[in-house]
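S.K.: One letter stands for each residue in the lines below.
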Amino acid sequence: MAHPTLPHLRHIEAEAIHILRETAAQFRKPVLLYSIGKDSSVLVHLARKAFFPGKIPFPLLHIDTTYEYPEMIEFRDRFTKEIGVELRVYTNRAAVEAGANPYDLGTAKCCHLLRTRALVEGLKEGGYDAAIGGGRRDEERSRAKERVFSFRDREGQWDPRNQRPELWNLYNGRVDAGESIRVFPISNWTESDVWRYIEEEKIPLVPLYFAEPRQVVVRGDTLIPLETNVKLLPGETPVMETCRMRSLGCTPCSGAIRSDARTPGEILDELAVFRRSERENRVIDHDQEGSMELKKREGYF
Amino acid sequence: MHAIVEKPLLRISTAGSVDDGKSTLIGRLLYDSKSVWEDHLEEVNRSRVNRASHGPDLSLLTDGLRAEREQGITIDVAYRYFGTPRRKFIVADTPGHEQYTRNMATGASTADVAILLVDARKGILPQTVRHATIAWLLGVRNFAFAINKMDLEGFRQEVFLRIQKQAGGLLATLDAAEADFFPISALDGDNVVEASKRTPWYTGPSLLDWLENVDAGPAADAPFRMAVQLVIRPHLDFRGYAGQIASGVIRPGDAVRVQPKGTPARVKRIVSFDGDLDAAWAPMSITLELDREIDASRGDWIVAAGSTPQSARRLKTTLVWMNEEPAREGTAYLLQHGTRVTPVRLARISERLDAATQTQVPATELRLNDIGLAELETADPLSFDLYRENRATGGFILIDRISNLTMAAGLIESSLEDEHQAGSLSESERAALFGHRPCLVDLSARPELAAALERLLLLRHSHVLVLEDAAIPTDFLLAAGLLVISTAPRPEAGINASELAGDPAGAISELLEALQLAGVFGIDGDYFQGEGI
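Listed in order, the protein sequences are those of chains A and B.
Under the working numbering, the first residue of the first sequence carries the number 1, and numbering increases by one thereafter.
Under the working numbering, the first residue of the second sequence carries the number 1, and numbering increases by one thereafter.
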């Protein structure tokens, strides 16, 4: 007897849950990389569904650059406590103590120390053999070729020329000691899928994603909300703008966009007419052509 | 109101020869359906490489990695996403070079439809045949032939018709394949999203219209199959079997069996985060609670009690070899099938498929990007369906025990169990192992069809022989279980060519229908399903 088809969003939800369960089953010590952003909020929600009525069988790891928005940290602590999941936090202490900041080092170097290095070290320190992330293939061109189970060598590096073929829904997670797999359960989701899912599932998010009047400085095409760590450059003056963050990063390096969207539904309406990618407002991605690919080779998510 | 409403997802694989404009076509679909961000387009415009003579080089939107941008070829599988108000699409953009057969097979493994790019100036090339054959082997049955660069041929209808006719010969070899043809220019956008004014003689849909409406995907009436991924046991009173439904539908109360042991049980509840479900179907991820305590764990299949899969340790398989280290007889690997991983020995390699000419050649070794027939012996028995009946339960991968690399994709063709058992083969046993019954076909009225029919039957691993000499008796050949095609008159033949359609493709499909009606392929399922019986 024939059965109905599954709507698109439920199809990719089922796929993501399958991947999360494979990760829990195949690895000795997996961890979910929790950035507090919308994509990892979706991941955590999917993990709750995947292991229901059991609890999420792995901890969440947050790489804290110390430049996060205070609302993010507040949200993180409240939300993880509410759902009863274990939270671990890792910071590249040595770099922070040496005063790493994007103004003196440049965004590329600062990001390398506080995100990429911190992530590789944090994973090594925890002895994790699988790290689940919210990366999506539609975010950037080089991510389009990322596997769902993406192999990393002992240095945490990605070799795009030497990836394991992935057929059907069979994921090969076999690694030797010190090697690891980055797992991307929402590889096949687009930005609008993420928002639609957040809307349908009523997933709580950091308020920064929703529009409200904020004090910002206009830097190039980007609005930078004024926070403790944001320095005014010569000639800049703060202004009030109704804006929201499309993608969360560090305070000095991620921008807001002018928007009136105050709910996931309004954001979806806005996305329908948008023609520019969400990562554009991340200053860090524009250092050089193919810069995301270079970062990923070094171990960035 | 949101611009994109929920519709069943369509997975597309693209394949084509180098330079036939595949990446440009995908770039065009993304661009014209407004699924590409302006800043990505600006990055493309700023790029140092631009092979387009005018306008942005849309192929750069999809050729993501540096090496590809510099060499101007696609070296891996890239996944692209676009949507229209009717449907969401995932495109597996795969390379055209022969040395990337593995990537093409990867893209085709999950595809519902394949787009085959054909350069209007060159027509059907050996590469087109290779791509179509590989996609077909991996289970794709719906093909769109995008006849590209029609602008360079002045959008002439005769060019289009000639290629369409040429493709008919290829399609006749791909059982149950359905195809549609589109005269396009990926560079200028003709008939990609909008109907072109430059092809007044073409009244069919644009390629995107077709993609929005095509009815493709896994069979919705396949029996229930689910591989157990893990057992969820939050406390002593609950034991749930978590998995993604590979095929079919399940309801509370349904009788199931846990394979390979065959332990019977009934479904007590379908548990989910959002409350218990009244029914669940493929490809949902669910948790099943059964009505009794049984010994089931990761690696087992929960299946419909009324339609259980086969079980065997010795298998005849098609392998797509994916590693530089060749496949050799006698080597041990790990085999991953569903959620089970078991040691396996590659017992025998019998032949290699030349996908470009669709011929089988004897072989004892398979190299990177080779496709071949091999016999495997697993340590644990596998519960499986044949790949051509169920992709999810008939496909597997081979993993190297030392390097941990994925070495091959495998498609289960048949069970080899009991082959060496004592005693002579019965007629039905032989038919089951061959996958067909013996039959004599008299093609004396149409001898020119003999080679095409033979090739088609060989491609399906049938055991077939063409006889020209009327003096050779056929009774001993039929007793041996063979399909015999005679170009000399054979009054005793079960099937003859006296009333076939005039065009070769039509005649071949009538012959297949006749074989089907004669029960020749009624052995392991609907061999020629979709042929209109």
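It should be emphasised that the hints constitute simulated quantities derived from the structure, not laboratory data.
None of the values given here were measured: they were computed from a predicted structure.
For every residue, glycine included, the Cβ atom is placed at its ideal position computed from N, Cα and C.
Heads up, some of the hints might be wrong.
To be verified - Quick look at which bits of chain B chain A covers, simulated, 3 or more residues with Cβ under 8 Å:
1) 221-230
2) 238-247
3) 510-520
S.K.: Are the hints correct? Go through all of them and say.
M.R.: Status of each hint after checking the structure:
no. : hint    : verdict
1   : 221-230 : holds (count 3)
2   : 238-247 : holds (count 5)
3   : 510-520 : violated (count 0)
Violation of the numbered hints given earlier is confined to hint 3; every other hint is satisfied by the structure.
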